[in-house]
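Here the structure of chain A is known, so what remains is to put chain B in place on it, guided by the hints.
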Amino acid sequence: KAGVTQTPRYLIKTRGQQVTLSCSPISGHRSVSWYQQTPGQGLQFLFEYFSETQRNKGNFPGRFSGRQFSNSRSEMNVSTLELGDSALYLCASSLSGSGTQPYEQYFGPGTRLTVT
Amino acid sequence: GNSVTQMEGPVTLSEEAFLTINCTYTATGYPSLFWYVQYPGEGLQLLLKATKADDKGSNKGFEATYRKETTSFHLEKGSVQVSDSAVYFCAAGSSGSARQLTFGSGTQLTVLP
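As you go down the protein sequences, you meet chains A and B in turn.
Its first residue numbered 544, the first sequence is counted upward by one per residue in our numbering.
Its first residue numbered 134, the second sequence is counted upward by one per residue in our numbering.
Some clues are possibly wrong.
Claimed, not checked - Sample of chain B residues facing chain A (criterion: CB under 10 angstroms; computed from the structure):
(1) L179
(2) F195
(3) G237
Just so you know, these hints were derived from the structure itself, not from any lab.
In this text, a Cβ means the ideal position worked out from N, Cα and C, and glycines have one as well.
The shape of chain A in the complex, shown without the other chains (with noise of 0.2 angstroms):
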C-alpha cells in the first residue's frame, strides 16, 4: 500500500504570496491531519478534515485554511506569508473515524516552505 504523499516537497515564496499544499492519504483512511513542524514551536496541530468536514482545528490564524475532498485528498493553504510561515508542514492519514476507537497516524514526508 502506497504511503502518504505530499506535494510539493520544496518551496519557496515571498512574503504576502500565498501557497498551497496538497496531500493523498493512505487509500482508505478518511481522516487528515496538518502539523506545522518549527525549530522554536515543534509540532504543532493545525487542523483535520474527515469526510470533507474540518472536525477539529488548533490555535492558528484564519489565513491557515483547508480542505478535504471526496476522495479524501487534503489541500491547505496559507495566505499573506509572513517568514515565521516558514517551516515543515506535515499531513497524516488515519484510518479510524470513530471516536471509541484507538487510532495511529501515519504522516508524509512533508513539504519544507521557506519564505523570503
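Coordinates of chain B only, in the frame set by chain A:
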C-alpha cells in the same frame, strides 16, 4: 487539552548502550500514547503505540509501557545501534472523535560507533 513533556536532549550514547527517553503526559481521560521517530529530511514514522493502561508497545527492540499511575510512557531499548540515531517524539492522542496528536518537544539521539 493534552500536554506532553519529554526528556530534553540531545542524548549521545555509544553503540550497544541502554537507552531511556522519558515522557510524561497530562490529559483528561485516557489518551492513546505513541512514539514517533524522525530521520533527517523525512517525516515522522510511527515507532510504537499503547492504547490503555499497562499496555506495552514494542517494535524494532524499542519498548514503552503505558503507566497510568505515573502518567508516563518512557521509551527504552536495551542495545542501541548507530542506525537508531534520529529524533524521537512522544505523542498523546486526543480522546473523542477528532484526531489530534499533541507532541513532546522531541529528543535528538546520536549513537556513536
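Against the structure, the hints:
1. Among the interface hints, the one on B/L179 holds; its C-beta lies about 5 angstroms from the nearest C-beta in chain A, closer than the 10 angstroms criterion.
2. With 10 angstroms as the threshold, the beta carbon of B/F195 stays out of range of chain A, its nearest partner Cβ sitting at about 15 angstroms, so the hint is violated.
3. Nearest Cβ of chain A to the Cβ of B/G237: about 8 angstroms, under the 10 angstroms cut. The hint holds.
The structure fails hint 2 only (numbered hints given earlier).
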